[in-house]
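Student: Each chain, written out:
2 protein chains.
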Amino acid sequence: MKYIDAVDYKLELGRLESSSFGQLLERYSSSQKIIIVDENTHENCLPFLITTFDELSKAEVIFLPAGEENKSIEIAFHVWEALTEYQISRSDLIINLGGGLITDMGGFIASCYKRGLDFIHLPTSLLGMVDASIGGKTGVNLGHFKNQIGVFSNPIAVFIDPVFLSTLPENELYSGFAEMLKHGFITSDNLLVRIIEQMKNKEEFSIDLLFDCIQVKNEVVKNDPFEKGERKILNFGHTIGHVIEGYFMDSLQISHGHSVAIGMVMESFLSMKVGKLNRDKYAEIEELLTSIYPLPKLTDVGIQKMTAMLINDKKNKEGKILCCLLNEIGDCTYDNAIEEKIFLETFMHFKNLQINMN
Amino acid sequence: MKYIDAVDYKLELGRLESSSFGQLLERYSSSQKIIIVDENTHENCLPFLITTFDELSKAEVIFLPAGEENKSIEIAFHVWEALTEYQISRSDLIINLGGGLITDMGGFIASCYKRGLDFIHLPTSLLGMVDASIGGKTGVNLGHFKNQIGVFSNPIAVFIDPVFLSTLPENELYSGFAEMLKHGFITSDNLLVRIIEQMKNKEEFSIDLLFDCIQVKNEVVKNDPFEKGERKILNFGHTIGHVIEGYFMDSLQISHGHSVAIGMVMESFLSMKVGKLNRDKYAEIEELLTSIYPLPKLTDVGIQKMTAMLINDKKNKEGKILCCLLNEIGDCTYDNAIEEKIFLETFMHFKNLQINMN
Chain A
2 MKYIDAVDYK LELGRLESSS FGQLLERYSS SQKIIIVDEN THENCLPFLI
52 TTFDELSKAE VIFLPAGEEN KSIEIAFHVW EALTEYQISR SDLIINLGGG
102 LITDMGGFIA SCYKRGLDFI HLPTSLLGMV DASIGGKTGV NLGHFKNQIG
152 VFSNPIAVFI DPVFLSTLPE NELYSGFAEM LKHGFITSDN LLVRIIEQMK
202 NKEEFSIDLL FDCIQVKNEV VKNDPFEKGE RKILNFGHTI GHVIEGYFMD
252 SLQISHGHSV AIGMVMESFL SMKVGKLNRD KYAEIEELLT SIYPLPKLTD
302 VGIQKMTAML INDKKNKEGK ILCCLLNEIG DCTYDNAIEE KIFLETFMHF
352 KNLQINMN
Chain B
2 MKYIDAVDYK LELGRLESSS FGQLLERYSS SQKIIIVDEN THENCLPFLI
52 TTFDELSKAE VIFLPAGEEN KSIEIAFHVW EALTEYQISR SDLIINLGGG
102 LITDMGGFIA SCYKRGLDFI HLPTSLLGMV DASIGGKTGV NLGHFKNQIG
152 VFSNPIAVFI DPVFLSTLPE NELYSGFAEM LKHGFITSDN LLVRIIEQMK
202 NKEEFSIDLL FDCIQVKNEV VKNDPFEKGE RKILNFGHTI GHVIEGYFMD
252 SLQISHGHSV AIGMVMESFL SMKVGKLNRD KYAEIEELLT SIYPLPKLTD
302 VGIQKMTAML INDKKNKEGK ILCCLLNEIG DCTYDNAIEE KIFLETFMHF
352 KNLQINMN
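So the protein lines, in turn, are chains A and B. The first sequence begins at 2 in my numbering and counts up one residue at a time. The second sequence begins at 2 in my numbering and counts up one residue at a time.
Extracted from the complex, chain A is given alone in its bound form:
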């Protein structure tokens, strides 16, 4: 069992049966327990959970529909109604069993119900383990705007059990790898190399690598929980990534990690364009990322819409589009104010690149 020093909650990595999860449940022995799941975790993870921990045998199970389009206020509303029907009180406990969608949304639902219920995250996806479940960001989308509505709110504990990774479809695994690659890009060339190695051997997951990736996220959010400064570095690839994910939500449904990977290529291109990243390094990044995460087809209309969406990114300030830029691998800066026009040119570059490739 590996213990990670989070601010005000438990963060443990290893087999759930060996963690302090069971003990924690005993503290809530007279409370009602609610487990929030999705289709995948309902089938693959829930049976293990309720048969292993007696305290959960009478838990109520709430099923959230899969898909980014269901990460909405409307669905949260229905869950709040269900919690009211189950007569859930402030002293009860919510357990979020799933990927980033479940932990983001379940955290938001718990944080707003009766002004805040205790909740535990049991991330089951790679993305959830290395990113979404850590750092207290919760939220839902507003139309195509990703996580537009949410709060900062920490769970009482996060238990990360890599056993759940075996239940993941391949595209989910790659979605998580993208956030891991981001941890490498922003902090360490060496970490990046180790992640690329891991991606070649998906059967055997290195606990040490997981631990190091979780540590990157945990350290950054500990120093800046409300994203006033340093935490913004974690948004590398996300300014464009969010827009890609939102724009294609109704059609291609590009996963979060895949969208971020595309965002990282494009923001690396931006970094080169404004004279920060050198041309060879950029080419290396483009080669690495586009070989794993293909670009969607860009159209003039789409580019215009995406550029308009950028203006409404949460990270913007006073009308400028703020963006992370790379100086080199392992050296990233945040709060770079970039003109709308440069983004438009970047999108056009990638559109032309596709045309030339075909």
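FYI, nobody ran anything at the bench for these hints, they're computed from the structure. Mixed in with the good hints there might be a few duds.
For identical chains, the list gives no copy identity; a pair is met inside one copy or between any two copies.
[Unchecked claim] Cut-off 30 Å, straight-line C-alpha distance, at most; resulting in silico cross-link-like pairs (DSS-like, lysine-lysine):
{"id": "1", "residue 1": "Lys-274", "residue 2": "Lys-59"}
{"id": "2", "residue 1": "Lys-11", "residue 2": "Lys-223"}
{"id": "3", "residue 1": "Lys-321", "residue 2": "Lys-203"}
{"id": "4", "residue 1": "Lys-352", "residue 2": "Lys-306"}
Go by the hints and put chain B onto chain A.
Tutor: The following block gives chain B in isolation, referenced to the frame of chain A:
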């Protein structure tokens, strides 16, 4: 100008022009400002505000429909959409100009939009000034369940200008007086007497009395911001009051303060019934409150529904109904676990009382 020592925000009582409101606005000179109003404050308070403070001349105004039934997630959703359309970013500022509905709901809207925008409360109702705007509770109703969805979140400042009281209709004033009376009931017989005196002279408002009532609320919430213990004392009259307000929402629309006053009579009766409050003191409280705040007509069906609603009060724990009880005026306890049956009997007592009076 009177300054009140709140935890992490400014709390000032006196003329807005003499307060630090103007200076604070200057700090946001490059931010967009949004003023949230209702029908009453749009007509009576907004013109003064935007003509007095130049910084607000270009503010966007968002109009919330009046009425407890509009304190809903659906309306919050529409405001979030409007903020998105106005391209409001995390560094912008929301100003809530209105009574408890506006500050509760505006605070919630601001706290969840992009995971939290700065907001200022300018309470314009008596209830808002002595209660709702202080202490960081924000929220909206879920159907008939009052403030079922919300978060604890403090504004950056609250400015209380009694000049706005002159714009209030009489029933709104009495709604505020009820919460002031509650401050008397739970802390001091002497304060209660002063409030009763003030109620006889509504033309001239005592700033000292306002200050003392604000202090009661402020001190309690400072010691226990998240209502883990002591703060629960402020719920005197609210266990039953919330149910009265919720149950009659679609018909009589009893104001929050009026509902709380009825709740205080009934919870005083409960206090007597379980042997805490003596009979004469109870009779005095009943006489005082029912002469100002008449009881609605209770029916058997209504009583059954209200008893069922009590089970879902936010303050409950492990299936028991938790309630404040009075030992005497100025001496109140919280977390008293009361059986459902006792509430039912209390409602029946008041139903029979009405029948005997007619």
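Student: For every hint, state whether the structure bears it out.
Tutor: Structure-based check of each hint:
1. Taking the shortest alpha-carbon separations for Lys-274 and Lys-59, neither the intra-copy value of 58 Å nor the inter-copy value of 36 Å comes in at or below 30 Å.
2. In the homo-oligomer, the alpha carbons of Lys-11 and Lys-223 lie at most 30 Å apart both inside one protomer (13 Å) and across protomers (27 Å), since each shortest distance falls under that limit.
3. Taking CA atoms no more than 30 Å apart as the test, Lys-321 paired with Lys-203 passes in neither setting, with 41 Å inside one copy and 51 Å between copies.
4. With identical chains, the CA atoms of Lys-352 and Lys-306 are at most 30 Å apart within one copy only, with a shortest distance of 14 Å there and 62 Å across copies.
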